[in-house]
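Protein chains in written order, with the numbering used here: chain A, 165 to 784; chain B, 56 to 444; chain C, 2 to 342.
Treat the hints loosely; a few may be bogus.
[Claimed, not checked] In silico SDA-like pairs for lysine to any residue, Cα to Cα no more than 20 Å straight-line:
hint, chain 1, residue 1, chain 2, residue 2
1, B, Lys-148, C, Val-168
2, A, Lys-429, C, Ala-305
3, A, Lys-227, B, Ile-368
4, C, Lys-129, B, Ala-376
5, A, Lys-227, B, Ala-376
6, A, Lys-291, A, Ser-304
7, B, Lys-206, C, Lys-165
8, B, Lys-211, C, Glu-210
9, C, Lys-260, B, Arg-174
10, A, Lys-429, C, Asp-170
11, B, Lys-225, A, Trp-477
12, B, Lys-192, C, Thr-323
13, C, Lys-124, A, Asp-193
14, C, Lys-326, B, Leu-224
15, A, Lys-269, B, Ala-371
16, C, Lys-212, B, Arg-174
17, B, Lys-225, A, Ala-208
18, C, Lys-129, B, Glu-105
19, B, Lys-365, B, Asp-394
20, B, Lys-211, C, Asp-170
21, C, Lys-129, B, Glu-279
22, C, Lys-291, B, Ile-178
23, C, Lys-291, B, Glu-279
24, C, Lys-260, C, Thr-333
25, A, Lys-402, A, Arg-678
26, A, Lys-266, B, Glu-105
27, B, Lys-148, C, Arg-259
28, A, Lys-266, B, Ile-278
29, C, Lys-167, C, Thr-115
30, B, Lys-148, C, Arg-318
31, C, Lys-141, A, Asn-774
32, C, Lys-141, A, Gly-340
33, A, Lys-216, B, Leu-224
34, B, Lys-148, C, Gly-90
35, A, Lys-266, B, Ile-178
36, C, Lys-291, C, Arg-318
[What the hints assert, rightly or not] Chain C residues, not near chain A, derived (Cβ > 10 Å throughout):
hint, residue
37, Arg-100
38, Leu-134
39, Glu-147
40, Pro-172
Just so you know, these hints were derived from the structure itself, not from any lab. Where a beta carbon is used, it is the ideal one built from N, C-alpha and C, also for glycine.
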Amino acid sequence: MKRPKAGAWVPAGGCALVATLLAAGAIADSITDDELSRVREAEAARIRAVEKVYGSVVAIYPKSRRGGGSGVVIDEEGFLLTNNHVMQPVGEEGLGGLSDGKLYKLTLVGLDPGGDIAVSRLHGKPKFDCSALGDSDTVSVGDWCLAMGNPFVLAEDQKPTVTLGVVSGINRYQGGRGNIGVYGNCLQFDTSINPGNSGGPLYNLETRLVGINGRGSFEERGRVNVGLGYAISINQIKRFLPDLRAAKVCMHGTLDATFGDRDGKVICEQVNLDAQIAKLGLELSDRLVSFDGHPIHSANQFASLISTYPAKWPVQIAFEHEGRVRSVWMRLRPLPYEVPQRPQPTPRPAGTRPATGPVRLPPGVLPTTSAVRQTKPGEIRDMKLNQEECERIFARWRGFSAQAKALGASKAIQTNEEIWINGAKAGAQRVLAAADGRFRIEIVQAYPGFDAGSALGFDGAAFWEKPADGPARQVRDAEARRRSEVAQSLCLAALQQDHPLKAFKEVVLEGGDRVLNQIAFRVRLADQAGNRLACWLSLLGPDGTFQTRLLKIAMLDGSTERDPMWTCEDYRPVGPAMVAHTRRLVKGLAEETQLEARAVSCQIVDIPANAFGVPDAPAR
Amino acid sequence: MQRQQRLRRVGTAHQCVIAAALALCALRSAALAQDEGMLLAPKAFRAAVERILPSVVIIETYGSSATPVAERPAPGPRPGPRPGGRRGGGISKPGEGPTTGLIVSADGLILTSTYNFLRGQPIITVVLRDGSQHVAKLLGRDETRKLCVLKVEGVKDLPVPKTAGPQELKVGQWAISVGYGYGGHEPAISSGIISATRRMSGRAVQTDANLSPANYGGPLIDIEGRVLGICVPLSPQSRETAGGTEWYDSGIGFAVPVHGAEGLIKRMASGETIRPGWLGIRPATESKGEGVTIEEVQPNSPAAGAGLKKGDIIVAINGQAVADTAALADVMNKLAAGDSLTLVYKQGGEEKTATLTLAEPPATPVPPVRPATTRAATSRPVASRPARG
Amino acid sequence: MRPLVSVLFFACAASAVAATTRPATAPARSPFARAIAYAQERSVKIHGAGIALEHGYAAGTIVSADGLILTADGLIINTSNLRVTLPDGRIVGAKVVRRSEPLQSALLKVDVSTPSFFEMPDKSPVTKGDWVLAINNSFKVADGAEPLSVNMGIVSLVADVDAKRKVQDVPYDGDAILIDAITSNPGAPGGAVVTADGTLAGIVGRIMESKATNTRLNYAVPIERLRPFVLGQEMIVGPGTPKGKPFVGIRLFTLGGRKTPAYIDRIAPGSPAADAGLLKDDLVLAINGKAVRDCEDYQELEAALAPGAPATFTIKRKSQITQVKLSIREETAHATPTTAP
């Protein structure tokens, strides 16, 4: 048996084993007992893996039961992922079959026509089996992958069809029509999928969800699989999940500029002068260097990559202008959907892709069926669903932080913080905070804007501040609420309540955003007086499971991008509660640190008498 | 004393470190073991195939009838989309090669697929593993499963293979198809997994191993060499003998379990032809979920004989509620010609019951063969389109 | 002594931790990963003539350091504008060096050095059941420098294939490696088919259908057959010494048509068939192991017999099947012709 050219190959670990095994095989091919037991174990492990996720695969049907697709439940409350094109014929309500043989009511939540994804929900069980999200960036060609779904509606008993194959390609591109149904940076695999598999899961052998299956290459043999299937990557879907769960019709992002390959470089060929990127300095013939941290080496690679980003997503872009590389931050502009009036023009020559040009279209209407309520792209389809999702997010945050439960009415969190500015320790303060929003901050060591010995607080009714030398004075509500510490504590307090929606005049889940390099829900709150706040809560925890942590809080008064915002980082347990041990005051999309407050000690204490009241105030 | 204590503590620390290192090594070796188990699978495939081969026969047939065998497409509900769309791909006519069968009795009963006799060949022979060729007779067939039974005379002590029962059948396990359809003395094999354990109204298991004329009639085996089923071209859209062949290479294939099929084999061996049962109604395609509305009652059918009329709503069959056409198809697919049926239906607001016997479907002319056409080679969405009419 | 041992233990543990520390969601790398990377460095994309239903793109496999590329034969290479995209993305022109009809393959050459190439084994590195990875560019999914696609399957069978392409026969001659990965797609022919450790086993063949099953064949042309073709060492099979027409002495019963079984209607007295004891109403099932399904098969196989060489006829008489040896003679003016009117 010929081995590959020496020097080009360094077998290590498993590969040396492969070579040995195969060499042994060439000599005497009967399988030993030990080898057979390994084969059986690997088979048994795969059977167990299938059993683990079997219950989360959904067979999706319109109410008429004509045709169907697939989906996968990703959270215990029944929220599932599927394709936009599966939900189009289903509409607002349909049916979902699970492996228990039963059909459940299925309702539509959010749509992403650009990326061909939808989120829907099953009803009728207190707890649904669900699948954990994986990391599609770790998928490589040759990895085993399992597809599950309902091809040709074969599942009379709702039990999904399971197929096995390998990943055939990554970062593939399958174009859509009019910016709808674009599969950018998608996964290609030879695991068999057929009509009916749309919207179903693609798992790695560890049963992590790495993609949603949606397309296949079909040709002369009609619409049956011939070894090429495509799935939208789970990492793309994660960026859109907050918008989808907010019951929005999602839009994708664009730079409003097009690029082409020239002499091995990626050069700007067209740029809309009104575009943000033009205002930040991009001109024709500038070379695109990197996008969101990814070095760009071809125009096609860039087009594929940017198609996976939501509108308004903050990204960092580096480009070379007259020999110097500039790095800018901006939010992507929404890419409008086109409604083609005529069939597509003549096919493009090999090696080119349709340009992502700024084509405008008549406002409003997506090519949806009348079964789906017409919603303008970028807007919220159903405010009631949106608010229910807010409740859910806040409940998960309360569960994670456990502060209200830990503190009750008689305790508070006491923290000693060091204040750091520009990498040097600049001051210190002591903070006492109750679950209902009452707080007191005492400046121990002075830092810019705050004298040692000064203090500020909120007693539940009024705000006060006390200078180092002088009496405390009450601060007007309106003025107080513009201070970011106040905003923060009010927000935190509000979210700890059982019914935060009742405390605020307006609560809206605006959609998704990226903060602290994590995918987050962005919530807008307005109190009875009309003061507006925004807060960001994480979508996923560090291990990839759903976990809601409060990440950032901001006042919404004027330009949101320039106002300072407080981050909440480095959560650590304090008793039964989880408390952020680092808070930074940041500015801009780049989240540049203005000031950092680090907790050096943090504990739960009984609230002393008059802890939050105005100091030295006469007893009432 | 102190030093001893210190050493003991260090010893414990050592143990913890070793335990941790071993645990991590175990994790890594678990991943490696999984890789090994997959890489070694071909050896297990070969061993399993070796075990079944003595029971697998080559079917060589001679001559063919001048016209294709008349097909009997069964009328009745057809839920779901057509694979291949309107201009479906598929095999235009059977190939010229030999086909495959499986020994099911020591005295020469062979189980195989009706697909293998589409050309209406008058002379059937079977070649055993020892190379000897014997004349065989086709005794009976089950058209609902596309199976048939041959008998070879003058043989004894033929090796009957082990079969795997339902408790040994799990989604995700290896499945290997074996067939002689390409010709020669060595079979072609294809490996895949079990995709579903119960399909086609409980008649078949589903696999993503490549099933095609190369192995129709041959066995689908597990990693131990036990028979999971006989490979056949089944399809929910069509009862024609060749219906389902469009799925060759697609990763959707069906095998009819042999375990528990003794009764069926006996019936076929006694010369019986089991045909799908014909009721004689055309259902309305849309249903509100309360039952199946009858769009048309075919003349001279069991339904007509029982007094069913257009507009009636079928509510239950043999005690099973029938909410829509999918449920109706599921019930009907389990029944064969000659089976009796108790039907509950609503006629003009009144609920009535009828008992009838299913007949054999009437013969209809063979539909013309459509040639495969070319299409633009771009990918398409994999949602299934709603069935037409 | 002890402290040293402690250090070693800690070092081991630390390396074990380091070796296994990876994000919780990262699975182990596929055991095929190296073979795939190796193969993709040695695979190219080919663009040529696309005429009517023939697609103008295919894959190719680099087999020498000086730019020799193997691919499948087809209309695609009938052009002066044959272009190859190298693994690094450069596009260069290619020329056809030679073609092989029995292998339905073509050897191309590019004028650049290709230091990463496949060794060609002189013996088959695969047996039935082995994992194989087929590098391909089905449907031209890979553009520019993007890596080619990989489809995985096992070796189904190594066998002679009798093939056709839609309407006409394809003159592929000899063994092919049939696999169960799907390679019968436009853009796949010419791609490398490698084993799990990266050894080249074959080249994805031109799209053909099997006459035996009337299905598309997923197969590779075995590399040990392509090696002499690449090295220019093909054996030229001449037309051979002209031989006379064979004389067997059987006339078939053909009133039922050409597709009826080959029943013997008449045996010429003194003929090889008569000498061997064949009788009227015997049914000829095979000649030299090749199935005689009908009268048409019989005529074809009988015409290919060589006078002077013995031939084994498989005969069915009533329910008995036996093999009979015939001594084939050469047809002379006095012999009765075998073809029925």
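Structure versus earlier hints - violations, ascending order: 2, 4, 6, 7, 8, 10, 11, 14, 15, 19, 20, 23, 24, 26, 28, 29, 30, 31, 34, 35, 38 and 39
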